[in-house]
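J.: Given the coordinates of chain E, work out where chain S should sit on it, guided by the hints.
Protein chains in written order, with my numbering: chain E, 1 to 109; chain S, 1 to 288.
If you are wondering where the hints come from, they were derived from the structure by calculation, not from laboratory data.
Where a beta carbon is used, it is the ideal one built from N, C-alpha and C, also for glycine.
It cannot be assumed that every hint is accurate.
Unchecked claim - Here are a few chain E residues that face chain S, going by a calculated C-beta distance under 7 Å:
no.	residue
1	G35
2	L59
3	I91
4	Q107
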Amino acid sequence: MHELAITESVVDAVTERLPGARVTCVRLEIGGLSGVVADSVRFCFDLVTEGTNLEGARLEITETAGQCHCRVCGSDFEPDGPIAICPCGSIEISVMAGEELKIQSVQVA
Amino acid sequence: MCATCGCSGTAVVRLFPVDLAGAAGPRQHAHSHADHEHEPHEHEPHEHEPHEHEPHEHEIHQRDHSVQDERTVQLEQKVLAKNDRLAEQNREWLRERGVLAINLMSSPGAGKTTLLERTARELGTKMAFSVIEGDQAAMLDAERIRASGCHVVQINTGAGCHLDAAMVAEGLRLLDPQSGSVVMIENVGNLVCPALFDLGEQARVVLASVTEGDDKPRKYPHMFRRADLVLVSKTDLLPYVDFDSKRHAADVRKTAPDALMLQVSAATGAGMNEWYAWLRRRTPVPHD
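With the rest of the complex left out, here is chain E (with noise of 0.2 Å):
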């Protein structure tokens, strides 16, 4: 549900930065264990450019996987989902990547 604002922020991240641009596409990197459904943000996205500088605008979404070392078994994984679990039962593990949430950049008209 916290996709609706987060998606808001990226328009009022891109509005602030590009004033009065015309924005045609948007690319964002969205990692595996942000926390961000990536889905979520491409359904609220049509929604909350509607009547700004981005309606009309496509959506690019890279998703990054998840890195994490696992504190037991001192192994590193890419976690299968959301939740990091390692493949040896243990939830002790350190996050490497795949919490990004960026803006990468925008096609301006």
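T.: Just chain S now, with coordinates in the frame of chain E:
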């Protein structure tokens, strides 16, 4: 649409300062918009890949997307950069004023308001204590807190499922907490969304009630991972529910190795003194 707080249409964020006599007045929130920053733009060659457009009915969509006029602007910024910036401003404001702010989070019904009622009653006579209440709607929690003799501002988030730094900035301004006091920020009951939004608090407290079951740290690691203190609440109900305290404690420790854990019952008062001691240790000395 307000792009700061997630409110749209009729779902508007409203703040209600509640004085001790019980009078409350709604206030629309106001956002301060920092001046725009424009970092140097890098212009990359435009792409010629064909892009698809689904048929649109609105005239505004029928504009000319002539690719030769388009350019790419690298932004490379965090989506929540603005919230994080406002949160840092809140943190600095609190530090300068000498106020401890706690972000209290849990699922709905874990006992946040009951904990605060008892805390306000028992600690409020010894130290200054006020509350920012976050709920999607209604003044119920603010009324309960006020009845325990505590200054409170209710924030109704409307469509929003969490508090953000802009709402808390406005709440703090209305609350005007005195130096050497504690502000408890009761977040919207939710174990997912509030974890993402820094409010500018000095500490995060997660309340986990025994009635919810012992599997929450495994199922909601985002929330527990950043906790400074995990309060296991409703411990008076332990004999009646299926809650493995040892397993829960072990999972909290694994998920949040640095978090302290305390067991409390706001109904019987068990463990409350440890919670008060934890708060007192963090409360700044009042400025002159």
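J.: Each of the hints needs a verdict: does it hold here or not?
T.: Quick rundown of the hints versus the structure:
{"no.": "1", "hint": "G35", "verdict": "holds (5 Å)"}
{"no.": "2", "hint": "L59", "verdict": "violated (11 Å)"}
{"no.": "3", "hint": "I91", "verdict": "holds (5 Å)"}
{"no.": "4", "hint": "Q107", "verdict": "holds (5 Å)"}
Hint compliance for this structure: hint 2 alone is broken.
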